[in-house]
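Based on these hints, arrange chain A on the given structure of chain D.
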Amino acid sequence: MIIIPYLTALTAYFSYVLLFVFGQLRDFFRKLIDWWKASNVQGYAPICLGLEDFYIRRLYHRVQDCFQRPISSPPDAWFDVMERVSNDNNKTLKRTRKVSRCLNLGSYNYLGFAAPDEYCTPRVIQSLEKYFASTCGSRVEGGTTALHDELEEVVAKFVGKPAALVTGMGYVTNSAILPVLIGKSLPKESSHLTTVPDIQSNPMPLQTSTWQSLRLYSGLIRLAFRQNNHQETCYFMTRGGLIISDSLNHNSIVNGARGSGATVGVFQHNTPCHLEKVLREHIAAGQPRKNRPWKKIIVVIEGIYSMEGEFCKLPEIISICKKYKCIMYAKAYVYMDEAHSIGAVGKSGRGVCELLGVDTADVDIMMGTFSKSFGSCGGYIAGSKELIQYLKHTCPAHLYGTSLSPPAAQQIISSIKVILGEDGSNRGAQKLTQIRENSNYFRSELQKMGFEVLGDNDSPVMPIMLYNPAKIPAFSRECLKRNVAVVIVGFPATPLLLSRARICISAAHTREDMVRALEELIQYLKYTSPAHLYATSISPPAAQQIISSIKVILGEDGSSRGAQKLTQIRENSNYFRSELQKMGFEVLGDNDSPVMPIMLYNPAKIPAFSRECLKRNVAVVIVGFPATPLLLSRARICISAAHTREDMVRALEVISKVGDMVGIKYFPAEPKKPQLEENRVKVE
Amino acid sequence: MDLASYVPTAFMESVKNASELITFAYDVPFARAVVFGVHIGGHLFVEGLLLVVIIFLLSQKSYKPPKRPLTTKEIDELCDEWVPESLIPPVTEEMKREAPVLSSAAGPHATINGKEVINFASANYLGLMGHEKLLDSCSSSLKKYGVGSCGPRQFYGTIDVHLDCETRMAEFLGTPDSILYSYGLSTMFSAIPAFCKKGDLIIVDEGVHWGIQNGLFLSRSTIVYFKHNDMQSLRSTLEKVTQDNKRAKKLRRYIVVEAVYQNSGQIAPLDEIIQLKEKYKFRVLLDESNSLGVLGKSGRGLTEHYQVPIDKIDIITAAMGHALASEGGFCTGSHRVVDHQVRTHFHYINLKQTWLTFEVNCIVLDFKIGMDLLSSGTWLINSSKCLMIIIFKTNMDLLS
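In the order they appear, the protein sequences are chains D and A. Quick note on full-length UniProt numbering: the first sequence kicks off at 1 and runs consecutively. Quick note on full-length UniProt numbering: the second sequence kicks off at 1 and runs consecutively.
Next comes chain D alone, as it looks inside the complex:
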């Protein structure tokens, strides 16, 4: 759950309102001018009606240069971004010959297979020479070569399912297979006369159109229906499927679900308990209007959410789906899209199941793409043998779509072999370690810097929250200026306020690349942080002080004082904290931390504690309302390595006394441990 700071939300809304108002003003003047010179396309309704393209004209065009940046090299760890210029305020962009070498933090090149590879590329070229670039036919129409068969076997083995089906494009895999699994009836023969009525008899326009257009088109719709009445019954009989989808699923899944015509239920992003609630509600309510029980329910989730960088909570979701089973093997089916996770996570790259320790048999349908980790194209569906046989007979992407290009298939086979170490080297394992280390390093460094980073550890996708619309292009442009290419994502793809930059880490990145990228991000912080822009710069002696002290800490002054200080502060803090706790104070914070807040709660106790301590020559800091929540006022003690043991003992004495006086020892002074132990002995 993302919590937006109040002020940020306010400023972000304000910026959007400003953009909208100015856009409307400009549109108004544009309309006046258009009205002046009459339109030459008579009789045709304009391609864009009203506000339809407002977003694109008035918002997107302002930041257009941040998207679709052309590159002129493979999308490896470093790539050449072609520079573009605009003479009309970003409305059109022209390519120039100039390129800038940038660090690539935008491509889904998780394992570094995007660039020509020593093992894969020669084999790909061999297969190109043998099978040529395309098959010019769908899989069933002579487009299946031995390579495709081999690929399906390799993929099935890799993901841990009995069989797999490979399609030519990842997006199509989702949007073509969901309708087959649930929803529409499929024609027995694929002649055009039987396929057409599928859509024709579809009542979708009826459901979605408003009353006005309904009245208007009822005649037309009736017309469309009348022609194929016999198909209708068949269509309605096979309905009754329910898709339960994560609220942040990818557009291809949304399209697939919409295309299936099935009822779609949505559960809160990655919240298993809400999934359970939605499941129960839907099962109890049955199909809309007819209240018949559902025929089948498919729960659709993603392995890694590409916009969030989070892993799905697979074990929990699986257990919930299993719970609602009644006969063996039947349950709410799980459909998992592993577009970003396959190959990138898990000990041997087998995706989320391996990472989270879930048996692949529990995920009924596993889908994934080859365009991310494997550096190729296409998508797959893996499942039981029967499922694949059925899909091969019915899936339109299989029946009508041009089959996967043989060189692309070879690329996948070779890269899987590298990942599994079947190429005779340990490059695959190295890559996997590398991407995990890289991701974790980068994530923790980003967090240390103070960015708000979403997502889980081990995930190579890390969104950095930007919130304000003005910061979206600023971040992208400033990074590009410093030769770091990042992806930014704004409104229609994310909720209005939650715009973000996304960083995809690759195994091809070296540690130097990462350090460099982090430096650049700091540069960005420098650029945008008001403290850096407006405050007086740090005074030279102060700078010198920082440098010297860092040197001492690192031991570069030739003594071990730095190390001693570090030990001292750790020991001091732990001693002080444990003593305070023993005394019965409520102390927040973790061990090893030199900052320990003592909770006071009552407003009267705030000054009392401070004054009484001061009387006894101990200076403490107290914090009250605007800095803390109203009720949670506290005293804060900061331990230093310069404190000696005597200092500490003295301070503890004073604090204990004052604590008794003020009444802030909220916990019993002596825990009753010995008694408990005695009891236990007796029982034994």
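Among the hints, a few may not be true.
As the list claims (entries may be wrong) - For lysine-lysine, the following DSBU-like pairs were computed, each having C-alpha atoms within a straight-line distance of at most 35 angstroms:
id : chain 1 : residue 1 : chain 2 : residue 2
1  : D       : Lys91     : A       : Lys197
2  : D       : Lys31     : A       : Lys281
3  : D       : Lys157    : D       : Lys323
Hint data in this document are derived by calculation from the structure and do not stem from the laboratory. Here the structure is a predicted model, which is why all the values come from computation and not from measurement.
Below, chain A without anything else, positioned relative to chain D:
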């Protein structure tokens, strides 16, 4: 006494009783009372009573059956009782049949199960598959760019060859600009929802292929079919649609046809379609998947075949997995559409925004070389029906 005379008498009697009752009410002592100078007549008293009753009734809630939401236990029971169907219907023998597996390339001659066969299945219309020049350029691009672009167009998935290919394609067809898609099947079902929205009107041939059908469905527009390749049916449909409602003029209206129908092999009579389109003011979306590189003197598709200027057609899409022996698709449009889009600063951005990953660089390059071959001199037309090979020179002037 018989019933016929009894009923009126009974009725009269009851009326009499009632009037007596009312007179009694009038005669009660307080009925003639005067309050603040107002005579409280008996009827006022009765009316007052009635009013009270009405107000009382109105103040009552209308009767609703009590709502009892399902208890947790009941929901549990329902969940326990629920029996889902199996994920897929039982697999029939027919489904176990596997497609033939080629152990060679899908060229004109292929090997299946060790047997040499002549290939009539692939849409390799021009025989460009496996051309030496193509293979050279493919392998060099593979060495340079690798296989995948690892990102959608929006995010660093745009490689210079994609842009070159887009301009080249537009040049070849004589349109202002074009957009590449990474997969042929997805071209139509991305392009149609980009142009047609909810409430728009689409007239479509009933024999269009699955990609178009899916696009139509996803667009949520109102869809009306006409009989396959029947211009009479198209005319009457257009007539009916435009006559029935006057608001149709304010809607975006499209006719969707294929140039060469993938399912039936018929060629759409473009000249008649153009006439109808101009008469009824519809825009035309033409899918040239099977006609590009096949029809027309220099392979520019249906428009050249009928010698119709290309800007009469508003939107053209095509898959490149056929005659061009490549993969992917493209979408391009007439000057008028593009002009309009430039005017509204729309400029196809809608299309480009569809989140399709652009994957195969080598294949795009393959296509590019295919285009070069097409325009550089001799090329082959390998008609799917008669398998005749015609070699002729193209007019170089047309191209440059």
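Verification of the supplied hints:
{"no.": "1", "hint": "D:Lys91 to A:Lys197", "in the structure": "24 angstroms, holds"}
{"no.": "2", "hint": "D:Lys31 to A:Lys281", "in the structure": "24 angstroms, holds"}
{"no.": "3", "hint": "D:Lys157 to D:Lys323", "in the structure": "28 angstroms, holds"}
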